[in-house]
Amino acid sequence: MKILAIFSRIVVGMYLMFSGFLKVVDPYGTALKLKEYFEVFAMDIPVLEGLFIGLSEMSVTLSVLFCCMELVVGVALFFGFKLRYTAWVALLMMTFFTFLTFYSAYFNRVTDCGCFGEFMKLKPWHSFWKNVVTMVFILIIFFYRKKYQNLGAGTPAVLIASILSLGIGIYSLSYLPVIDMLPYAVGKSIPEQMKRPDVAPDIEYEFLDKTSGKTLKSKEYLMDTVRYTYQSSVVLNEDNIKPVITDFSVVDTAGADQMGEVLEGKVLALLIKTTEDLEDLEFKKYRELVSKVSKSQIKPIVLTSQTDAIAFLAEKKLSYPCYFVDEKVMKTMARNNPILLLLDNGTILGKWSFNRLPSDSKIKKLINI
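In terms of UniProt numbering, the sequence shown opens at residue 1 and continues consecutively.
Because the hints were derived from the structure by calculation, they are not lab data. Any given hint could be a false lead.
[Said to hold, decoys possible] Quick list of in silico lysine to any residue cross-link-like pairs, SDA-like style, CA-CA up to 25 Å:
1. K266 - I241
2. K242 - P201
3. K317 - M330
4. K123 - Q149
5. K121 - T246
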């Protein structure tokens, strides 16, 4: 039992450290997932609608705290820090996770739990059973908690993990994710990711055998229509045959397609997710930057999902072409607000938070001018 308890502590500790780290490097992504859950609960539990709406508005703050807690609990388990108390926290946390994933899977309300951030997408039932297995290990830790010995490295490890995780979370919110695992990360090509992978669909057909009255599944389409009646089919590898990017489109105010304005040539795009909280933002340095790089055949544009952005740009004297993308796409492209994006024929060469704009020489160097 002792060996199993130690093994469980190490395995769960490593798992929580891994999943917590993947979330804390991009806390805004976790905030979006929390917001989605809160909005679902607000609709499904009307008596608590006000509570969940309030929590939804606090999703960013809760995300940082939640991500840090998961990582720190993982460190505490791994290093054997105060396991009488840590085991309780781990049990309560995993009970909460298991409930969320069961709710998502059973009622089909949230299609991705966000367990591993943007690193890996799991289907709801897969997430639920993963949590069930993890819960088994945590129960072993919980029932053995009074017999563990505290390890000397636990206190400094937990302290360092707390400071680092909080620092990484705040930095990622203030600037950009420390590790960008999204399709619009530096070095990735938007046009290439919009292409369908060269993978054949794996189709499974279902037929009714008229002779026996039983249903039959087959990877081949059965041509004997006298004996078999086609009922349905499913693509088993659907996730592998879809392009990475499926929802990227660019239109102007009239709704006309303007993809070429973004994916062709050298482009410096200002991404405005929302105009809220930008009224006091100083755009002088940005205008000076655009003035310098536009002389080098770099085309300045603005991408937004907000219709009020045009009036905002006029107010700020930013007379650059403005195009619109889907709000969900914008939230994926811009974790901060606003964001500066440098593209060369659709390949992302640079990405900066407005809190840390690059120099014109940096942009010219990246784009080989």
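Do the hints match the structure? See the list:
With a CA separation close to 30 Å, the supplied pair K266 and I241 exceeds the 25 Å bound. Distance restraint check for K242 and P201: the Cα-Cα separation of roughly 10 Å lies within the 25 Å cut-off, and the hinted pair is therefore satisfied. Taking the CA atoms of K317 and M330, the gap is near 23 Å; set against the 25 Å cutoff, the hint holds. Restraint check for K123 and Q149: not satisfied, since their Cα atoms lie roughly 38 Å apart, outside the 25 Å limit.
With a C-alpha separation of about 16 Å, the suggested pair K121 and T246 falls inside the 25 Å cut-off, and the hint holds.
Checked against the numbered hints above, the structure breaks hints 1 and 4 and satisfies the rest.
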